[in-house]
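Peer 1: What follows is each chain in one-letter form.
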Amino acid sequence: MKLRRWFLFPAWLWMALLFFAPFVIVLAYSFLTRGPYGGVWGPWTLENYQRLFDPLYLTILMRSFAMAAAATALCLLFAFPAALFIVRATRHRNLYLQLVMLPFWTSFLVRTYAWMFLLRDTGLINTALEAAGIIHDPLPLLYNNGAVLLGLVYGYLPFMVLPIYATLERLDPSLMEAAADLGARPMAAILRVIVPLAKPGILAGSVLVFIPCLGAYLTPDLLGGGRTVLVGNLVQNQFTGARDWPFGSAVSITLMALVTVLLWVLLRRESEPLV
Amino acid sequence: MKRRDLFLGLTGLPGCTRDTRPRLNVYNWSAYVAPETIPGFEAEFGVRVRYATYESNEELLAKVLSGNSGWDVVFPTHNRIGPMREYGLLAPLNHSWLPGLDNLDARFRAPEWDTGLLWGVPYMWNGTGIVYHRKIKPAPSRWADLWNGRLKGRLTMLDDPEDMLGACLKKIGYSFSATDPGELRAAEREAVAQKPLLRAYLNAEVRDQLVSGDVLAAQLWSTTAQQAIAAAPDLAFAYPAEGFPFYCDCAVILRESRRARLAHQFLDYLLRPRVSAQIVEATKTATANRAAQDLLPESVRTNPVLYPPDAIFGRGEWPRTLPPATQRLRDRIWTEIKSA
Numbered sequence: 244m245k246l247r248r249w250f251l252f253p254a255w256l257w258m259a260l261l262f263f264a265p266f267v268i269v270l271a272y273s274f275l276t277r278g279p280y281g282g283v284w285g286p287w288t289l290e291n292y293q294r295l296f297d298p299l300y301l302t303i304l305m306r307s308f309a310m311a312a313a314a315t316a317l318c319l320l321f322a323f324p325a326a327l328f329i330v331r332a333t334r335h336r337n338l339y340l341q342l343v344m345l346p347f348w349t350s351f352l353v354r355t356y357a358w359m360f361l362l363r364d365t366g367l368i369n370t371a372l373e374a375a376g377i378i379h380d381p382l383p384l385l386y387n388n389g390a391v392l393l394g395l396v397y398g399y400l401p402f403m404v405l406p407i408y409a410t411l412e413r414l415d416p417s418l419m420e421a422a423a424d425l426g427a428r429p430m431a432a433i434l435r436v437i438v439p440l441a442k443p444g445i446l447a448g449s450v451l452v453f454i455p456c457l458g459a460y461l462t463p464d465l466l467g468g469g470r471t472v473l474v475g476n477l478v479q480n481q482f483t484g485a486r487d488w489p490f491g492s493a494v495s496i497t498l499m500a501l502v503t504v505l506l507w508v509l510l511r512r513e514s515e516p517l518v
Numbered sequence: 066m067k068r069r070d071l072f073l074g075l076t077g078l079p080g081c082t083r084d085t086r087p088r089l090n091v092y093n094w095s096a097y098v099a100p101e102t103i104p105g106f107e108a109e110f111g112v113r114v115r116y117a118t119y120e121s122n123e124e125l126l127a128k129v130l131s132g133n134s135g136w137d138v139v140f141p142t143h144n145r146i147g148p149m150r151e152y153g154l155l156a157p158l159n160h161s162w163l164p165g166l167d168n169l170d171a172r173f174r175a176p177e178w179d180t181g182l183l184w185g186v187p188y189m190w191n192g193t194g195i196v197y198h199r200k201i202k203p204a205p206s207r208w209a210d211l212w213n214g215r216l217k218g219r220l221t222m223l224d225d226p227e228d229m230l231g232a233c234l235k236k237i238g239y240s241f242s243a244t245d246p247g248e249l250r251a252a253e254r255e256a257v258a259q260k261p262l263l264r265a266y267l268n269a270e271v272r273d274q275l276v277s278g279d280v281l282a283a284q285l286w287s288t289t290a291q292q293a294i295a296a297a298p299d300l301a302f303a304y305p306a307e308g309f310p311f312y313c314d315c316a317v318i319l320r321e322s323r324r325a326r327l328a329h330q331f332l333d334y335l336l337r338p339r340v341s342a343q344i345v346e347a348t349k350t351a352t353a354n355r356a357a358q359d360l361l362p363e364s365v366r367t368n369p370v371l372y373p374p375d376a377i378f379g380r381g382e383w384p385r386t387l388p389p390a391t392q393r394l395r396d397r398i399w400t401e402i403k404s405a
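Chains as they are written, first to last, in this note's numbering: chain A, 244 to 518; chain B, 66 to 405.
Hints may contain errors.
To be verified - Pairwise CB distance ranges, derived in the manner of DEER restraints:
hint: 1; chain 1: B; residue 1: 296; chain 2: A; residue 2: 351; range: 21 to 29 Å
hint: 2; chain 1: A; residue 1: 352; chain 2: B; residue 2: 100; range: 20 to 28 Å
hint: 3; chain 1: B; residue 1: 124; chain 2: A; residue 2: 389; range: 52 to 60 Å
hint: 4; chain 1: B; residue 1: 202; chain 2: A; residue 2: 321; range: 41 to 49 Å
hint: 5; chain 1: A; residue 1: 352; chain 2: B; residue 2: 180; range: 42 to 50 Å
hint: 6; chain 1: B; residue 1: 296; chain 2: A; residue 2: 336; range: 42 to 50 Å
hint: 7; chain 1: B; residue 1: 202; chain 2: A; residue 2: 374; range: 40 to 48 Å
hint: 8; chain 1: B; residue 1: 200; chain 2: A; residue 2: 321; range: 50 to 58 Å
hint: 9; chain 1: B; residue 1: 323; chain 2: A; residue 2: 321; range: 57 to 65 Å
hint: 10; chain 1: A; residue 1: 510; chain 2: B; residue 2: 200; range: 55 to 63 Å
Stated by the list, open to error - Residues on chain B that point at chain A, a partial pick, calculated with CB under 10 Å:
hint: 11; residue: 112
hint: 12; residue: 114
hint: 13; residue: 123
hint: 14; residue: 152
hint: 15; residue: 207
hint: 16; residue: 225
hint: 17; residue: 266
Claimed, not checked - Here chain B is said to cover these stretches of chain A; the calculated rule only asks that three of the stretch's residues, wherever they fall, bring their Cβ under 8 Å from a Cβ of chain B:
hint: 18; region: 357 to 371
hint: 19; region: 466 to 477
Quick caveat, the hints were computed from the structure, so don't treat them as lab data. Ideal Cβ positions, reconstructed from N, Cα and C, are used throughout, including at glycine.
Bound-form chain B, shown alone (with noise of 0.2 Å):
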């Protein structure tokens, strides 16, 4: 074969490989979908699903923020779907073609993030607690335990300014929103006299040393702390008395979309009660979805950690998004904690 041959051929083989099914572009949190969830809808629907990833919400707003991002469907946490309205950046749901509303708990039937579910289908979550070792006696119940001299060295808090800073809230008796600088400032002061017992501040990563038992409490979210409690039967987790956040991701179709219509059958396609469950299965999170648990096994279905009860469940609070100014005073307050 002669080289010029061969060149030619070469360029005409992207042609032969170029699909032309329509395309659905979404971006989602990371181990949030079950292995089989993507190709499922690909096949059903005879389209592509360009899909990725990402590990938190800054990294999303700043992807979706110039409102040109190329993504269709994207899972923020309930407290941006405010924002990211105000910026003009999402598509209302057309509820006639999502009849797998139905399928929702009723806790997530009108969320006070938005009444009327007309931005976002809750899609999962989870709230911030207290995972700790057994053999600590008495067992930790309130974010109050944390300040305990005795776990001095083996006691971690989140690496998040909005979780570190609620649970002080939480502590004085304020609301996990506050805006008031007094409160900040009185909550900041928790912080600091908290900080020579820590060991550090730690996200995700605190679950190894959990299981390992360098640290024996920490502030974690719940679905982090039940991979923590199956890999380590001696660790519990808690709801906090004095109260605690709840974070649900919805996910949302962007404006800039052009397959409003796809976007839909997607969202719809999530909110099936099987589909939902295989995600509950291969994820170990908490779904929004009621049909789907009832597909679960009894134990995933009344597991404490994911699914408190409805007394639980009513001392938690679904943190607002804060004003802009709060925002900032937040952010000093926090690396001046850091830095103390």
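If we strip away everything but chain A, and leave its shape as in the complex, we get (with noise of 0.2 Å):
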């Protein structure tokens, strides 16, 4: 029993210094004064706090909160068949799961960049159109909402495959046949049935897109063009070319908080834990 002690320790470890103590800094820094050219100085205050209630700030909050819902909803919508289909394949079940997982083996920032690559005027997807005759000028299809969302809902969707299929996978196959001998439907059945069952799952993998959505200032950057501010990118303009940094880790704090309590309100209301 003493060695169980101890299994804990690494993992404690790392959360105590890389976690905790960055976390730490940083609420401290929410509550100082931006020196004259940057840097962080005395005296302390609210101050920071007080800046997020202006409207500017609050809108960028709103829009991100719409862009990570939005950006959630899709994963969902396609989530939910996939992970569906490859519960039930009888065979090659595993290659699909491979392939859902396929896209990690290459750097987030690397597929960003291929996707402007295709999104671009002279890009893939534009010079195949043009060329078949179906459009004439190119298409605006990056540097905009779109191509965030896109790039958004690409990144993070096999996060929400992979709970969903975890609890698909435990179900009862017999269960869609009772709901079909009881005369449903298949769509009904799984609306009424696997949905319901699925709903670990799908709670999982919302928060799992969720908050990384939320947070995410490299696809709006690159995929948006700087067009629209989102909080992360906020965060980062703060950290770096503002050189504001109580403000930005006051944003940071405030975007954690925010994150935490609708998490709290999510599994108070969720009996069954997630995952």
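Put the two chains together into one complex, using the hints given.
Peer 2: This is the structure:
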């Protein structure tokens, strides 16, 4: 029994050094003042949090929530049928799962750049459509909110597929047969039997997609062309261009607090544990 | 061999390779020296150089603000020298150790940000202007030409508050370094009016899209523009008629450095005509070193993008360090423009 206590030690050490300590630093910064040319100075203040109530920053926060929610909904729309398909596949199930995870073999940054090459005016999609005579002028596919949404859905889709797959796999296949025997059409059986039972997976997937989408800054920056600001870009800009670390910290802490509250509400409502 | 012997042998290894030569720590912009620059200095002075690169002044400032960054020589842009000096981060230059200062171009002997060259040695410089495709008729020559509806969707501005707002300020006749809130708000209205025409706010990454023809006109730095023009001769560059900014990156010695003599030797080494010319040939940038320019081929020396003639040079403005209140207002305006 003595030895068992030590099993968690590496994880604790890791969390303490690389999560808790930085978190405390960011928390402390968020109550300090920006120096005349950047840097973090005294005195202690609440001003950084007051600034957040400015409609400008509230709009950015709302926009980010809307974008993350849209990305999560779209991911769910694509992931649920895909997960169901993989679970019910009699052959090649492992191959399909590997395909879902295939994108992770390359860096996210490289894949985002690949999307830029696909979407741009002289990119593959526009060139192909023009060659086929379907369009005459290139479609503005890159540098808009649609491109950002596409990038987010693409990037986080596997995080939705895998938890849903995990819950569906544990369901008894005879449930569908039972539903059919009781007169449910296949679609009704899926919506009224499978979906409710898959709820823990759907919730877990939604959390895994929503949170990173909320803080995303790379995708909006590269695929959005800097034309929109999401909260991730706001934080990044405060730490780089604006050199206002205290305000950037306050935005980060607020974002974390909002996500924590959201998760807490979700978890309280769900008696079943996530995953 | 016994395992213990092997381990003992391995632990001794670092001791054998331990380098006792003095070490100079140099932190510079990426792609800002020639491949032979650093090895040449190490060989001649019998020292080691720890060399690393950064991509923005903010990255540099974030590191050195602590006053304990471990770097000796860094290369901030001219308008960052004032704040760094005020924060007590810089060591004054000892001119008797820098005979090479005589090689500087007359334009950089007494620059307005450091008239006595007390803190930094001007290294490389560039300006911001308009790079455009030659098929645009008439060719853009003013910032105002970037508000032309015909460029809709094929136009980009820099993703940089200083340059982007600066162009708007210049368009309506104000200084690049404007601090007046009224002037800044007027510039914001210009930016918001222009936004629907813009494809995106892009920095150096616009280069490829200019070359491929996706983008027809862009606000861009002259050195980056020159790289695009070298790849696509259909492109040209204009220093806008209303005025435009110049930026000069300067070599400075940090006060925390304990190797002031060696750091000066490095700065003086960079001032040598031969060394500086090699750097220019490798990086295709504009040097502040007159003697080095004389070693360069005629085509480089007279390149109007990198080395604009005096008449154009006179229209340029060296952006000043902005007071904190203005920085904050500008950041807010920038967020509003991006969020609009």
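Peer 1: So, for every hint listed, does it hold in this structure?
Peer 2: Going through the hints against the structure:
1. Checked against the hint of 21 to 29 Å, the pair residue 296(B) and residue 351(A) passes, with Cβ atoms roughly 28 Å apart.
2. Between residue 352(A) and residue 100(B) the C-beta distance comes to about 26 Å, which sits within the given range of 20 to 28 Å.
3. For the pair residue 124(B) and residue 389(A), the supplied restraint of 52 to 60 Å is violated, since their beta-carbon distance comes to about 32 Å.
4. Restraint check, residue 202(B) to residue 321(A): a C-beta distance of roughly 47 Å satisfies the suggested window 41 to 49 Å.
5. Between residue 352(A) and residue 180(B) the beta carbon distance is about 44 Å. The supplied range of 42 to 50 Å therefore holds.
6. A beta carbon spacing of about 48 Å between residue 296(B) and residue 336(A) agrees with the range 42 to 50 Å that was offered as a hint.
7. Taking the beta carbon of each, residue 202(B) and residue 374(A) are about 29 Å apart, not inside 40 to 48 Å as hinted.
8. Taking the beta carbon of each, residue 200(B) and residue 321(A) are about 42 Å apart, not inside 50 to 58 Å as hinted.
9. At roughly 59 Å, the beta-carbon separation of residue 323(B) and residue 321(A) lies within the given 57 to 65 Å, and the hint holds.
10. Against the hinted window of 55 to 63 Å, the Cβ-Cβ separation of residue 510(A) and residue 200(B) comes to about 60 Å, which satisfies the hint.
11. The closest approach between the C-beta of residue 112(B) and any C-beta of chain A is roughly 32 Å, which is over the 10 Å cut-off, so the hint fails.
12. Annotation: interface hint on residue 114(B) violated; nearest CB of chain A at approximately 27 Å, more than 10 Å.
13. Using the Cβ-Cβ criterion of 10 Å, the hint placing residue 123(B) at the interface with chain A is satisfied: the shortest such distance is roughly 5 Å.
14. Residue-level restraint check for residue 152(B) holds (minimum Cβ-Cβ distance to chain A is 7 Å; threshold 10 Å).
15. The restraint placing residue 207(B) at the interface with chain A is violated, with a minimum CB-CB distance near 24 Å, outside the 10 Å limit.
16. A least Cβ separation of about 8 Å between residue 225(B) and chain A falls short of the 10 Å threshold, and the interface hint therefore holds.
17. At its closest, the beta carbon of residue 266(B) sits 4 Å from a beta carbon of chain A; the interface hint therefore holds under the 10 Å criterion.
18. With a threshold of 8 Å between beta carbons, the proposed coverage of the region 357 to 371 of chain A by chain B holds, since 3 of its residues qualify and at least three are required.
19. For the region 466 to 477 of chain A, the assignment as covered by chain B holds, since 8 residues bring a beta-carbon within under 8 Å of that chain's beta-carbons and 3 suffice.
This entry does not satisfy hints 3, 7, 8, 11, 12, 15, going by the numbered hints stated previously.
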